[in-house]
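Chains as they are written, first to last, in our numbering: chain V, 1 to 347; chain C, 1 to 614.
FYI, nobody ran anything at the bench for these hints, they're computed from the structure. Heads up, a few of these hints could be off.
[What the hints assert, rightly or not] Covered stretches of chain C (chain V as the covering partner; in silico rule of three or more C-beta atoms under 8 Å from a C-beta of chain V):
(1) 112 to 122
(2) 150 to 159
(3) 220 to 231
(4) 441 to 455
(5) 492 to 500
(6) 534 to 547
Where a beta carbon is used, it is the ideal one built from N, C-alpha and C, also for glycine.
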Amino acid sequence: MSTTTTPPPKKVNHIGLEVLQYKGSKTTLCAGCGHNSISERIVECFYDLGVNPYTVAKFSGIGCSSKSPAYFLGLSHGFNGVHGRMPAIATGAILANRTLLGLGVTGDGDTASIGIGQFMHLVRRNIPLIYVIENNGVYGLTKGQFSATADLGSTLKTGLANDLPPFDCCALALKWGATFVARSFSGDKKQLQAIMKTAIAHRGLSVIDVISPCVTFNDHVGSTKSYSYMKEHEEALQELDFVPYFEDIAVDLPEGEVSDVRMHDGSHLRIRKLGRDFDVNDRFKALQALEESEAKGEVLTGVLYLNTEKPTFTDLLHLADEPLATLPESKVRPPRSVLDSVMEELR
Amino acid sequence: MSTLEVSPAELQPEQSSHPVVNDFSIQVATVNGSGSQTANTVLMRSIFQMGVPVSGKNMFPSNIAGLPTWFTIRACKKGYIGRRKEIDILVAMNPETAREDVLKLDSGAVVIYDEPLKLNELRSDLHFFPVPFDKLVAPVCPEAKLRKLVRNMIYDGVVAQLLSIEMDEIHRALVKQFGKKKAKAAELNWGACKAGHEFAQRSFPQGVPYRVERMNATAGKIIIDGNAACALGCMFAGVTVVTWYPITPSSSLVESLIGYMRRFRHDAESGKATYAIVQAEDELASIGMALGGGWAGARSMTATAGPGISLMSEFIGLGYYAEIPVVVFDVERVGPSTGLPTRTQQGDVLTTAILSHGDTRHPMFFPCSPEECFTMAQDAFDFAEKFQTPVFVMTDLDLGMNNWMSDAFPYPEKPIARGKVLGVEDLNRLGGFARYRDVDGDGVGYRTLPGTNHPAASYFTRGSGHNERAAYTEREDDYINNMDRLAHKFEVMRQHIPEPAVTMAPNAKIAFVAFGTSDYAVRESCDQLRAEYGIDASYLRLKGYPFTQHLRDFIARHDRVYVVDQNRDAQLLGLMRLDFEPELVAKLRSLRYYGGLPLDARTVTDEVVRQEGK
Numbered sequence: 001m002s003t004t005t006t007p008p009p010k011k012v013n014h015i016g017l018e019v020l021q022y023k024g025s026k027t028t029l030c031a032g033c034g035h036n037s038i039s040e041r042i043v044e045c046f047y048d049l050g051v052n053p054y055t056v057a058k059f060s061g062i063g064c065s066s067k068s069p070a071y072f073l074g075l076s077h078g079f080n081g082v083h084g085r086m087p088a089i090a091t092g093a094i095l096a097n098r099t100l101l102g103l104g105v106t107g108d109g110d111t112a113s114i115g116i117g118q119f120m121h122l123v124r125r126n127i128p129l130i131y132v133i134e135n136n137g138v139y140g141l142t143k144g145q146f147s148a149t150a151d152l153g154s155t156l157k158t159g160l161a162n163d164l165p166p167f168d169c170c171a172l173a174l175k176w177g178a179t180f181v182a183r184s185f186s187g188d189k190k191q192l193q194a195i196m197k198t199a200i201a202h203r204g205l206s207v208i209d210v211i212s213p214c215v216t217f218n219d220h221v222g223s224t225k226s227y228s229y230m231k232e233h234e235e236a237l238q239e240l241d242f243v244p245y246f247e248d249i250a251v252d253l254p255e256g257e258v259s260d261v262r263m264h265d266g267s268h269l270r271i272r273k274l275g276r277d278f279d280v281n282d283r284f285k286a287l288q289a290l291e292e293s294e295a296k297g298e299v300l301t302g303v304l305y306l307n308t309e310k311p312t313f314t315d316l317l318h319l320a321d322e323p324l325a326t327l328p329e330s331k332v333r334p335p336r337s338v339l340d341s342v343m344e345e346l347r
Numbered sequence: 001m002s003t004l005e006v007s008p009a010e011l012q013p014e015q016s017s018h019p020v021v022n023d024f025s026i027q028v029a030t031v032n033g034s035g036s037q038t039a040n041t042v043l044m045r046s047i048f049q050m051g052v053p054v055s056g057k058n059m060f061p062s063n064i065a066g067l068p069t070w071f072t073i074r075a076c077k078k079g080y081i082g083r084r085k086e087i088d089i090l091v092a093m094n095p096e097t098a099r100e101d102v103l104k105l106d107s108g109a110v111v112i113y114d115e116p117l118k119l120n121e122l123r124s125d126l127h128f129f130p131v132p133f134d135k136l137v138a139p140v141c142p143e144a145k146l147r148k149l150v151r152n153m154i155y156d157g158v159v160a161q162l163l164s165i166e167m168d169e170i171h172r173a174l175v176k177q178f179g180k181k182k183a184k185a186a187e188l189n190w191g192a193c194k195a196g197h198e199f200a201q202r203s204f205p206q207g208v209p210y211r212v213e214r215m216n217a218t219a220g221k222i223i224i225d226g227n228a229a230c231a232l233g234c235m236f237a238g239v240t241v242v243t244w245y246p247i248t249p250s251s252s253l254v255e256s257l258i259g260y261m262r263r264f265r266h267d268a269e270s271g272k273a274t275y276a277i278v279q280a281e282d283e284l285a286s287i288g289m290a291l292g293g294g295w296a297g298a299r300s301m302t303a304t305a306g307p308g309i310s311l312m313s314e315f316i317g318l319g320y321y322a323e324i325p326v327v328v329f330d331v332e333r334v335g336p337s338t339g340l341p342t343r344t345q346q347g348d349v350l351t352t353a354i355l356s357h358g359d360t361r362h363p364m365f366f367p368c369s370p371e372e373c374f375t376m377a378q379d380a381f382d383f384a385e386k387f388q389t390p391v392f393v394m395t396d397l398d399l400g401m402n403n404w405m406s407d408a409f410p411y412p413e414k415p416i417a418r419g420k421v422l423g424v425e426d427l428n429r430l431g432g433f434a435r436y437r438d439v440d441g442d443g444v445g446y447r448t449l450p451g452t453n454h455p456a457a458s459y460f461t462r463g464s465g466h467n468e469r470a471a472y473t474e475r476e477d478d479y480i481n482n483m484d485r486l487a488h489k490f491e492v493m494r495q496h497i498p499e500p501a502v503t504m505a506p507n508a509k510i511a512f513v514a515f516g517t518s519d520y521a522v523r524e525s526c527d528q529l530r531a532e533y534g535i536d537a538s539y540l541r542l543k544g545y546p547f548t549q550h551l552r553d554f555i556a557r558h559d560r561v562y563v564v565d566q567n568r569d570a571q572l573l574g575l576m577r578l579d580f581e582p583e584l585v586a587k588l589r590s591l592r593y594y595g596g597l598p599l600d601a602r603t604v605t606d607e608v609v610r611q612e613g614k
């Protein structure tokens, strides 16, 4: 009789991968950085949903946030490009291979300062991409200057106050065409998970603005992007649950309080209203709510807008179903008869 | 009637009795936006259809309508199709420039002009032919608002009559120009053309000392602009991702491509596009998208001009350092800054060779003809994927936007070469790979594409310091090893860049080195130097950069080598200085033209003669 015990079976997701296979290299960001929490959420959500990591392409620009794609999804290809111009790289890659699941990670300097132009055009095109803005209102790698999302009156560690109003990336995304727009807080694990999973299931551009405090340069009294400020001022729109397509969903929903949005893959985003009347299909309401909460000094979080119907840029281009990148020569080089006929036209 | 303002004594008698056949240039001076392009193209094409070698050059303003435009048609039985400075026949339609245009002509030139301009009063040594355009156009074009567009066809009729261009060929060219869908417009224009022809027949019995006679030198040839030729090359190269931002003179490259791709690159069964073409928000985005596409495995390209090249600088450094294939077409125009947007120059070669900050080097292809635009576009894509790097195809406004006579393009014989890309089976066999390891000794690592379904496929692309496993590093040895490998890769490219075209003149002491559209002027100049000055000159035309061994050998075999640059600062010569030892550099002479017009042979010849002290 053998006394050896078999090790307990490793925990795997529904495609048979362990959570380790969704991790990346060790983070080099500061301990306590909000970005690390976001990386953890990405690992959990891609694991939970059983996303094939080989189909994911990670994109980033320059800055602390943009370093983070090295710290998650190590089995996915990654591209850390130039400052403020990740949207162009991601757009090109997705055109080349529309079957990729694109995940962009950027910061407030990368998106709202140097990259505002490319960000706006990404939004306008509704590129199928998850676009996570790790928003701390400050430049970390260059040691603590304001970015364009820093709030009016917010102060630097030196005491210097910001005298310009911020860009609200969610408002810009709402106005100009993103089809999933949400704001969250790196410290709100449950909400961020639900939003991230919705983005994974969404077909179209997902803009997720995550307030992600910088513990080194912007976590002091006077900052509006600090942990303590967020704890005091975060105002969640909804309680969110994401039910993946491979799990059973209860059919009966309590009238009025809870609603489901069905995603393309059959998953559902379950939304339980918290107090205020809000409809995630209504862009104008969302813009109004952002304005109102800003006036009240609140940071509104949750799902601001979700449109599962609008065609994406790849739809509009009427692209072939298979990736352009690997089309065989027979599909991309017209036959001799075509050249002959063109030459005849030019004679 | 006094249509001929020159007394017979001033005419050269042999010209009158023995007209110059198939060797002349016509300049049409009009206002842009007046529809003259159609009349000019028809005139050029009808000469081409009579078998006579011909070229057409449009000198146009950066403007929509109302500013002066000149179109020059050169017919040349010897086959020289570069620009010729001397104008034999002027068609003066633009009151703004008519006076200056006439004063610039050489004695004995022919002037066809709008009668109210009274140009005959300006000089007495020219042949003047007044044409009452407004009077002629009214009866053939009842609709007054169309007359402005139709009246230019009248000069086609006049010129055809004076030069004995067959009216059947004019008609054929007209029908071709308008196509079947615009038969009515063609008919209206044909009426105007006939009116001009009949008027000239009636009014100008004395004729002109030039004529067109049928030859057989254009059989099988086509007429095409370089941008359309590049576009065709891209389509047959199998391009899949095209990004661009409109800029003169490159816009028509992508616009031609859009036209061809819509016709020929939709899947036969599904009707879906086997390509993506995106008009980006600026050149930073267009090169960024092209690089993203190249990274993900597409045959990716963009087209631009000098200002776009400047904007793309940062991304090109990323492409170089992260080793991403992409093809950039630079249709050069006159810089610096906005410069002269509608004039031609070779002003970007030095910048492009080392574009971006830090140590970078980029390969360039130099087509000189539509046929090379077509073949080199294909070669550039293969080259970019073979060496995993941005490749530049350097053309210019003259080549890109003007119509050229060309041999028909050959169908590509070689299969498309996609370079070192590892798939799932390769990874199963190898167990893994290091993205930037020089496995084969050519400096080129193996890459995988995102989406490759294998646990060993992924790697992290970055513009920051990286080691051969693509991991972040700031180590001195990692950095140097990587940069040295990139330098080695560039050296290997020398073996694969297209070889130059070399014409050795026996016992020649002097020689030319030129590239791109300088070719036409230099070849003609070689003949002028021999015929007029007894100077033999060899000629090497570069087809690409980095330089090959052929160039060194060629320079070594001559005493003085004239390096022809269409830019002020001798950019090509500058690049040669970077590569060559002082003994070779000492043999180099600079021959530059940078006025914005296509280079002409006489300018080259005169400058060589001056420098040679003849």
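Hint-by-hint comparison with the structure:
As drawn, the region 112 to 122 of chain C meets chain V at 0 residues by the rule of a beta-carbon pair under 8 Å; below three, the given contact is violated. Check result for the region 150 to 159 of chain C against chain V: violated, 0 residues qualifying (beta carbon to beta carbon below 8 Å, three or more required). Only when three residues or more bring their CB closer than 8 Å to a CB of chain V does the claim for the region 220 to 231 of chain C stand; here the count is 5, and the claim holds. Residues of the region 441 to 455 of chain C with a Cβ under 8 Å from some Cβ of chain V number 8, which satisfies the need for three, so the listed coverage holds.
A stretch counts as covered by a chain when three or more of its residues have a beta carbon under 8 Å from one of that chain; for the region 492 to 500 of chain C and chain V the count is 0, and the coverage is violated. Evaluation of the coverage hint for the region 534 to 547 of chain C: breached, as 0 residues show C-beta separations to chain V shorter than 8 Å, against a requirement of three.
Figure legend: structure checked against the earlier numbered hints; hints not met, in rising order: 1, 2, 5, 6.
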